[in-house]
Amino acid sequence: MALETRVYQKERTIKFGALLKASLADMYGSRFLARQLAERDIKAMYRQSYLGIVWAFIMPLTTAAVWIFLNSSGTIKLSDTGIPYPVYAFSGTLIWSIIVASINSPMTSTQAAKGILTKINFPKEALLLSGIYKLLFDTSIKILILVVFVLIYGVGLQWSLLLFPVAILGAIIFGTTVGLFLTPLGLLYKDIGKIITFGMQFLMYVTPVVYAIPKTGIMKTIMTWNPITPILLTARDLVVGFTPEYLNYFLLVLIVCIPLLFLGLIIYRISIPIIVERLSA
Amino acid sequence: MPDKNHIISNTNDVLVKVEGLSKKFCKNLKTSLWYGVKDLISGVSGSGQERLLRPKEFWAVKDISFELRRGECLGLIGHNGAGKSTLLKILNGLINPDAGKITIKGRVGALIELGAGFNPILSGRENIYNNGAILGFSRRDIDGKLDEIIAFAELEEFIDMPVQHYSSGMKVRLGFAVAAQMEPDVLIIDEVLAVGDLGFILKCFKTIDTILPDTAVIFVSHSMPMVSRICSQIILMDQGCSQYQGENVSQAIDLYYTRFASNNSNIVFTDHSVQLKSLKILEAKGDEDLPQVRWMDDFKIKFEFQVLKDIQVPEFLITIFDKEQRPVAAFEQRKQEDQLFFKEDNLLSFTVTHKELQLSKGIYSLNVSVINQGSNEPILRINDALKFQVIHSKDIWPPLLLKAAYENC
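Protein sequence lines correspond, in order, to chains A and B. Residue 3 is where the first sequence starts when you use my numbering, and the numbers rise one by one after that. Residue 10 is where the second sequence starts when you use my numbering, and the numbers rise one by one after that.
One thing to keep in mind: the hints can contain errors.
[What the hints assert, rightly or not] Straight-line C-alpha distance at most 25 Å; calculated PhoX-like pairs for lysine-lysine: (1) Lys286(B) with Lys344(B); (2) Lys116(A) with Lys39(B); (3) Lys318(B) with Lys294(B); (4) Lys344(B) with Lys370(B); (5) Lys65(B) with Lys47(B); (6) Lys12(A) with Lys154(B); (7) Lys39(B) with Lys23(A); (8) Lys154(B) with Lys212(B); (9) Lys192(A) with Lys36(B); (10) Lys65(B) with Lys196(A); (11) Lys26(B) with Lys12(A); (12) Lys65(B) with Lys192(A); (13) Lys36(B) with Lys17(A); (14) Lys116(A) with Lys47(B); (15) Lys332(B) with Lys412(B); (16) Lys17(A) with Lys212(B).
[Stated by the list, open to error] Computed footprint of chain B on chain A; a stretch qualifies when at least three of its residues, placed anywhere within it, have a C-beta under 8 Å from a C-beta of chain B: (17) 110 to 123; (18) 181 to 191.
It is worth saying that the hints were derived from the structure and are not from the lab. Yeah, the Cβ is synthetic: ideal placement off N, Cα and C, and Gly gets one too.
This is chain A alone, in the form it adopts within the complex:
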């Protein structure tokens, strides 16, 4: 067995295939590290907190509660959603929170590891993977809560619920792809993180999170074109047992996302040394 040889030099030509292969190989090779990091963060978070897991769904729950109150008190008038409004609102905010979390995940995971990034050479893809692990952990709890909600409001369990995780996986892939593209810049400038938080608040209102797409008007056009719409609607339809109306659009978004995700991974791999240099310089 020959010794593994590494060459470090200024990149001259970029071979996307080789980079992607290396990136995926590193991600596969660092499964244990990623799990260990995710486990560490999850344990540490819950060990130092009494409410623990509650924080995972308190935000979507309160947002939903506000809208449920606004609706039931007649403060605002929403068009019929076809299912009990609380289920509609809560499933919306919950799926939304998963998408937001997955957009933020690559950046926060990398940012949190700043200290070791500048000192130790390890497969950086492990950070992304550990972010996804944490995301899956949070998400599975959220899904359980959602199932309870669905049962309480008498929508009943549907067979389609089994496909719900697939839709959520789509949401995570979409979010991670977007997040990956924002990460390199976001690590350099704090502004990016703020813009994401800020922008997502507005984006929520052009996505059918707490109200349905209107029948006509400019809002209908915006909401229909919004690529998050099919993800959210497909996921919700699967929970309540409707035939997913936007399934084709959903699949289209996914098909576009996957090559972009790979491109994001390549950019991430190239950009980390450049960023580490700026962080430690």
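Model the placement of chain B on the given structure of chain A, informed by the hints.
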């Protein structure tokens, strides 16, 4: 796995090859971030143009080349900010060079930060897994080495306690214990071993000694005793450039020290009653600045003091320091029978003699204290009053080379 490597690979393999390595940094944060954005774009689009200095940039590492084989140890020395750590970061693959090329063969282990990935809330045991995973161990590796790690760190009693309650020394011990399990082909050591108590430092060096013969080591330190003990070649860096490169470790260390040498003697204290007019070594060779004495020569120094106030003949304390500023010897104080007296013009002139000087090769300096004979109050204290060099063919680390004869009996 490394065992297999060791058998197959030739001991004369060049494990680390560095050719014309350069790296630039930016002095201004905002500009640096903006260059970062530009580099991101050119990095992704793969532009191959030559990298020149942009405004507000400087070379942190400039044109460094070396080769390192298995069993060799390269010492990187230089002042703070000379570019040593940057060079290590490039070697470790954390950042990319702006010019030049590095080829590294084999597993690279870095002792740059101990205990990376520790979470303060979690117990020592859990953190062994965290740290181990970051260093590239698998779960099975760690399971198998867990007891050894805990024993090496001497933390059996506290291993299930949250790491935030550990002392800093305990954390470092645990970190090193995990890192010591690496079996690297190339080992990069930054100034990490300075923490911890003496016993632990010795233990660390014992571990490093055992892996040295099978490993190419790159060692950054400000501690010259350690450098001279471990290293077989040296690069002395200054402002990113290599000032000295070669296998003459002691010469490099001397060069390093002369960069610190301030030639003016320092009067640390004086009550203005005496003044040192001159101080020199009699029968010395070499120039005025650095008189030279051969080993086993008689060491004779001549003092000339101007007395400004009416005082009794004081006492003299003369101490020899080595270049590390360690005191290595003191001269006996004046005895009853060694009568000294003032000459006319209030001059006090005398010699101090020590026969057969057995200081080992190197550069030394003299500190002189003058104290009042009766009250022992200080009158004058001069650090670095005189520098001199001891010449001998043999270079040893201890400050004394004692003359010895070996005979059968």
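Against the earlier hints, flag every one the structure doesn't satisfy and list their numbers going up. Numbers 3, 4, 6, 7, 10, 13, 16 - these are the hints that the structure violates, sorted from lowest upward.
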